[in-house]
Amino acid sequence: MTRSLTVRILGAAALLVALLVALVVRENHARATGREVRLPMEAVDPRDLLTGHYVALRLTQLAPAGQPCPPGSSTMEKPGWIALTPTATGDRVTGAGADRAAAAKYGPILLRGTARCFGDSSDPADRARITLDIGVDRFHADQRQSEAFDKALRDRKVGEASAWAIVSVGQDGKGRLKGVIIDGQRADLTWN
Amino acid sequence: MAGYKARLEQDLDGWIAKGLVPEASREPILAGVAEPRRLEASSALAAVGGLLLGVAVIAFVAANWSGIPRLGRFGLILGLFLAVCGGAAWAGERRPLARNIALLVAALIYAAAIGLTGQIFDIAGDPRSALHAAGLAAILLALAGRSSGSAIAALALIAIADGKFDGVGGGQPPPWLALAAPLGVGLGWAWRSKPLVHAASLALAVAGLLVLVWLKTNWPMNLDAFAAALGFALLAGGARYLDERDDPVAGVAYGWWVWAALAFFAAAGFGPHPPEALLHRPLWLAAAAGVIALGLHDRRGVVTAAGVAFMAGAVAAILADLGLGLMTAAAVFAAVALIAFAGGFALRRRVRR
Chain R
1 MTRSLTVRIL
11 GAAALLVALL
21 VALVVRENHA
31 RATGREVRLP
41 MEAVDPRDLL
51 TGHYVALRLT
61 QLAPAGQPCP
71 PGSSTMEKPG
81 WIALTPTATG
91 DRVTGAGADR
101 AAAAKYGPIL
111 LRGTARCFGD
121 SSDPADRARI
131 TLDIGVDRFH
141 ADQRQSEAFD
151 KALRDRKVGE
161 ASAWAIVSVG
171 QDGKGRLKGV
181 IIDGQRADLT
191 WN
Chain V
1 MAGYKARLEQ
11 DLDGWIAKGL
21 VPEASREPIL
31 AGVAEPRRLE
41 ASSALAAVGG
51 LLLGVAVIAF
61 VAANWSGIPR
71 LGRFGLILGL
81 FLAVCGGAAW
91 AGERRPLARN
101 IALLVAALIY
111 AAAIGLTGQI
121 FDIAGDPRSA
131 LHAAGLAAIL
141 LALAGRSSGS
151 AIAALALIAI
161 ADGKFDGVGG
171 GQPPPWLALA
181 APLGVGLGWA
191 WRSKPLVHAA
201 SLALAVAGLL
211 VLVWLKTNWP
221 MNLDAFAAAL
231 GFALLAGGAR
241 YLDERDDPVA
251 GVAYGWWVWA
261 ALAFFAAAGF
271 GPHPPEALLH
281 RPLWLAAAAG
291 VIALGLHDRR
301 GVVTAAGVAF
311 MAGAVAAILA
321 DLGLGLMTAA
331 AVFAAVALIA
341 FAGGFALRRR
351 VRR
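As they're listed, the protein sequences go chains R and V. Its first residue numbered 1, the first sequence is counted upward by one per residue in the numbering used here. Its first residue numbered 1, the second sequence is counted upward by one per residue in the numbering used here.
No wet-lab data here; the hints were simulated from the structure. Among the clues, some could well be false.
[What the hints assert, rightly or not] Pairs of lysine to any residue residues, derived as SDA-like cross-links and limited to a Cα-Cα distance of at most 20 Å, are as follows: (1) V/164 - V/112; (2) R/78 - V/127; (3) R/78 - V/173.
Based on the sequences and whatever the hints tell you, model everything.
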């Protein structure tokens, strides 16, 4: 009885550790094999006392001047699919839909999440603003690095888009953060 | 405070002096009464020392956390989890208390490990899924090591996960507590664990509420809430039946489910489709009075307390309903008082016969 109890406890512990290791390996593989996209971002707050130091990310982009919100993005309330199209200035949101097929009409790269667009396209000076929620909202780094990133983001001039989140889009449509580019300096997530 | 054996020794001496019990029976009677197990001072000091050492290690690691490579951090967390599980396995059947505490700590470390793994490797995830996963892991540890502590941690983690609402329009997924709470009640009963039956009985009441929210029942006259009250009243009745037959843990569930039944009954009088207040409030008062009588009869303080608390709630609700209609309030209270007197009188006559 004692021996079987010991075996059961050790077996359960080994299974739980294996599950956690499998999660890390699977996520890392999906991150490495997914399609890489560059999404413009803003910083919000560099750290949190309870969860350590990080750069909080807000994935936001402006629609081209005079153009309306991408189709489906001004009415999107529940998580669905976002269509991205690569451009010279990063990957841009070109549409959104409730399911994969609906979003596929608007762009070649499909990402799960929510895109919300606000703005008045009738005013050429007022560009529509699109905010993405794809589950990627922070980049953990040590205190020195996260404070340096935060300062660089806050010192940017209006209209500059020198900060990017590097996101890997897997076959499952999930976005996984690979790293960030701030002021031309790229920082990737590594095992170290 | 004198234990049962000490009190029995005093009583036996008195009975022997009066000639009620032969002196030769004294030792065999006392030998048949086991002394409750006490935690020795050395064990208590060892436990305190172990806890402080753990805190010191945590503080040291936290101070150097950012300097440790990611894989090292991950290895530290998994190593700590495995070490605590190893301690539980070592304690085995010989030290059930140590095993129980170790598995409770292991369940909490695993919950933290899920969150920290997400942070270390920047793995984005839904907080509710992470808490559910931690709850499942705690259930696995509880079943593997027969640990009531780990089972209680599982109920708490799943309850927190279920309580994370998506907000308006987000929709509420089915509450896992609706499965976990009955499982916890069953395990608590099987293991004769009062702490687990406490936690699981309360969790069952919370699960009842979450199920109503999830199903969006919206029945007329709040019949869904009345049905839940009836369900918990039946459960309380069943637990009381077992309690009267000396079941060691049924009394715990009995108390919680009386509270749950009264809470659902009281809540049924408010909300989207309340029944006629003139019908609900007197029944509420009568139910509270009946529960007070039941608690006094069964010598269950927690049941009596439920009756008193909900009696006060009913009075407050009636006064709020009626505003300045004090004559009507007086009539309602007088009617319920007459019913209570009549019930008490009838019970007394039955007892005398």
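These are the hints, each one checked on the structure:
The hinted pair formed by residue 164 of chain V and residue 112 of chain V meets the criterion: a straight-line CA distance of about 18 Å does not exceed 20 Å. About 17 Å separates the Cα atoms of residue 78 of chain R and residue 127 of chain V, which keeps this hinted pair within 20 Å; it holds. Distance hint between residue 78 of chain R and residue 173 of chain V is fulfilled; the C-alpha atoms sit about 14 Å from each other, no more than 20 Å.
Taken one by one, the earlier hints all hold for this structure without exception.
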